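Chemist: This is what each chain is made of:
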Amino acid sequence: MQLNFAGREVTIKLVYYGPGLSGKTTNLRALHHLTSDESRGRLMTLETRDDRTLFFDMLPLVFRADGPSSPRTGAPRSFTPSDPGLGMSVRLKVFTVPGQVLHGATRRLVLQGADGVAFIADSQISETENNAASFLDLRANLKEMNISLKDMPVVIQFNKRDLPAVRPDAEIEQLARRGREPVFRASAVNGEGVLETFFGLLHLVWTKLEVEHQLSRTIGMEPHEFVPVAMRKLGLKQDEASLLRACVGGSLDYKKEGT
Amino acid sequence: MTSNGPTTTPEMAPGDIAMDPRVRLEDLVDRDALTELCQSFHVLFGIPVRIYSSEGTLIGDASKEHEVCTYVNTLASGRAACGATVGAVKLTEPGPEGVATHPCFTGQQYRIVSIAYEGRRIGRVILGPYLPAETTEIPTSFADLDPNLDLERARRSLVKVPRAKAETVSRIAGHLQATLDLILFSGHKTLLTSQMHLASVRESFRELTEKTQRLQDAYDRLKELDRLKSNFLATVSHELRTPLTSIIGYSEMLAEGIGGSLTDEQRDFVRTIQEKGEQLLSLITSLLDLSKLESGTMSVHREAILVQDVLVEVQKTLAPVARKKGVVVRLEGSMTLPRIKGDPERLRQVFINLGDNALKFTPKGGVVSFRANVLTGGGADGDDGLALLAAVKTQVEVRVCDTGIGIPPAERQRVFDAFYQVDSSSTREYGGTGLGLSIVKRLVDAHQGSVRIEENTPTGAVFVVTLPVAGE
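Going line by line, the protein sequences match chains L and F. In terms of the working numbering, the first sequence opens at residue 1 and continues consecutively. In terms of the working numbering, the second sequence opens at residue 1 and continues consecutively.
The hints are simulated quantities; they were obtained by calculation from the structure and are not laboratory data. As the structure is a prediction and not an experimental result, all values here were calculated from the model. We put the beta carbon where it would ideally sit given N, CA and C, even for glycine. Among these hints, one or two may not hold up.
[To be verified] Derived CB-CB ranges, DEER-like:
#	chain 1	residue 1	chain 2	residue 2	range
1	F	Ala218	L	Asp37	42 to 50 angstroms
2	L	Ile125	F	Val236	55 to 63 angstroms
3	L	Ala133	F	Thr285	37 to 45 angstroms
4	L	Ala133	F	Glu210	20 to 28 angstroms
5	F	Asp220	L	Asp253	27 to 35 angstroms
6	F	Glu207	L	Ala133	45 to 53 angstroms
7	F	Leu191	L	Gln214	30 to 38 angstroms
8	L	Ala133	F	Ala218	44 to 52 angstroms
9	L	Leu136	F	Val300	20 to 28 angstroms
10	F	Leu191	L	Asp253	47 to 55 angstroms
11	L	Ala133	F	Val236	43 to 51 angstroms
12	L	Lys150	F	Leu240	56 to 64 angstroms
[To be verified] Straight-line C-alpha distance at most 30 angstroms; calculated DSS-like pairs for lysine-lysine:
#	chain 1	residue 1	chain 2	residue 2
13	L	Lys143	F	Lys211
14	F	Lys364	F	Lys276
15	F	Lys229	L	Lys150
Next up, chain L with everything else stripped away, as it sits in the complex (with noise of 0.2 angstroms):
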């Protein structure tokens, strides 16, 4: 997280993680195609060879947190970037990481200040080792920053449930009731559970600020306001309770290390 008080703007990092071929642009795609013209800025794809990432892909989402709680007055404001009444503005930058092996250098690079990681795996039954590999992988990369991976607010999504030789729900569930992350499924090529599992990152995310840096009231806003605001502000029309009703197990709450 950056936060920059002179210009009123906090910067949020989130990453998305997980093994080739999982879905991690598709996923930024979908979002990109779901959210409202106004907030977001183009999708920015860093160098491909044969369709694969090579460096990142970055969506940038930004809205303006004036939340319901500030005061709205009908008569237009004056504009000046630095006029505390109007909130802050939010840049959630979205970041995929290249999912081949081979490219740990950049991986790490990309990781780096990240605020959340939504780990995208791949549903088929054949990837599950790939997945777990590249989990283990964000693990060592984290660790090599010194962060411990319980210190770093990750949801996992389980994407391409349209396929076929998919691991079954059921069986999902009960991973997922054992597991501390929250976990979404998703098709992400048709655009279901990238919603969900975003906004659970983001939701996770948000509640670790507060709970380090009350970010709330730098922004002006309850704590509860935030993702409701942000959905808003991205032109969604779902609540923030229906989206999080997907998660399948673990916890949406963020508890610091410790505690």
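Using the hints, position chain F against chain L.
Modeler: Only chain F this time, still in chain L's reference frame:
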């Protein structure tokens, strides 16, 4: 968490890639190219275009002063009013919508629109002056400007200013913004790509450096272990030799009857003790030599010597064993060879070891030959600078040929490893410790020579030793 003030750090940490606190217009666009873009808009619509960065630096413009402006500036009050207007336009902040309009006292207008990138304002475009389409009369602010104003001239020149409807100006501005957005996006992408390239290379380099360091540490540790092993071997060999010398000495005295006369059977037993003791001693000596060679503590005193002298001696030494086995040892080749630079004692050891080895594997009735030659144009194929160096390189080559079982090509390198036997069954059949050839290799190396194995026809092996001639 990092807090960023208004200043950007000069060197960006890799983690800040694409999280950069400020994207600057100046960094993303080429000024000349931007000016060309402004010019094309100017040509198309006749309205001057200026682009400023958020710091207020002009980074692209295309304008030609309108006739009316030129005229206004000829009047003192006109100059002042014009300067004030232009100054005000520059300071006008586009409102929350990112658009503002600023009037000129002449009735003309300016349109100011912000340039935003990823939700941040990073500069602005100023379009104008242009004449609003609905203007029909000279405004009083212009007419009353100066008593010397020629109203007719003012009117004539004002109508030459390009007219534009408010929505047309909006469309032009929108189009310019869209074009700029595309340019900024491409520029930003390129900037990130190159930063990422650099960071990736740096990260890979860091990774490799770490790996290299780990390998170097492991290598140093192994080298140290190897040194300890050699030391240990040297100590043990020495400690083993001391009591053994006594065993051999006393059994010799016993066999000679110094301690009283022995029966034939007793003498036989004592002789066996003495013989086996000597075998053990030679094994230990070899081990000691090897460890000395490995630890680099064996001294090689190189002087100009004749290799044929060494070979004659070797032949004499080998003769008794050869006779017993029914094998002929022959010296062949040239007997007028240049001197080589070598240690006669060590070279004798080389050729005795090779001779022993050859005798061991040559069946009764076979031949072991030592053939010495001068080699000019020496050097193995593929040596560095062979085409240049071969012509000046003279070597002495000694070929030790046997008519034994030969050595398969795949084994020819490995026979020089310590304790190596082509086939463990050969130890039982032929005996030996597997140290002789590894000592040969190390001694030849210490002479800057080389040793290799070739095929003998119809059967057997040839050990080829090449040694550099003295004076090279």
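Chemist: Work down the list of hints and note, for each, if the structure agrees.
Modeler: Verification of the hints:
| no. | hint | in the structure |
| --- | --- | --- |
| 1 | F:Ala218 / L:Asp37: 42 to 50 angstroms | violated (57 angstroms) |
| 2 | L:Ile125 / F:Val236: 55 to 63 angstroms | holds (60 angstroms) |
| 3 | L:Ala133 / F:Thr285: 37 to 45 angstroms | violated (56 angstroms) |
| 4 | L:Ala133 / F:Glu210: 20 to 28 angstroms | holds (22 angstroms) |
| 5 | F:Asp220 / L:Asp253: 27 to 35 angstroms | violated (51 angstroms) |
| 6 | F:Glu207 / L:Ala133: 45 to 53 angstroms | violated (18 angstroms) |
| 7 | F:Leu191 / L:Gln214: 30 to 38 angstroms | holds (34 angstroms) |
| 8 | L:Ala133 / F:Ala218: 44 to 52 angstroms | violated (26 angstroms) |
| 9 | L:Leu136 / F:Val300: 20 to 28 angstroms | violated (55 angstroms) |
| 10 | F:Leu191 / L:Asp253: 47 to 55 angstroms | violated (39 angstroms) |
| 11 | L:Ala133 / F:Val236: 43 to 51 angstroms | holds (49 angstroms) |
| 12 | L:Lys150 / F:Leu240: 56 to 64 angstroms | holds (60 angstroms) |
| 13 | L:Lys143 / F:Lys211 | holds (17 angstroms) |
| 14 | F:Lys364 / F:Lys276 | holds (24 angstroms) |
| 15 | F:Lys229 / L:Lys150 | violated (47 angstroms) |
Comparing the model with each numbered hint stated earlier shows that hints 1, 3, 5, 6, 8, 9, 10 and 15 do not hold.
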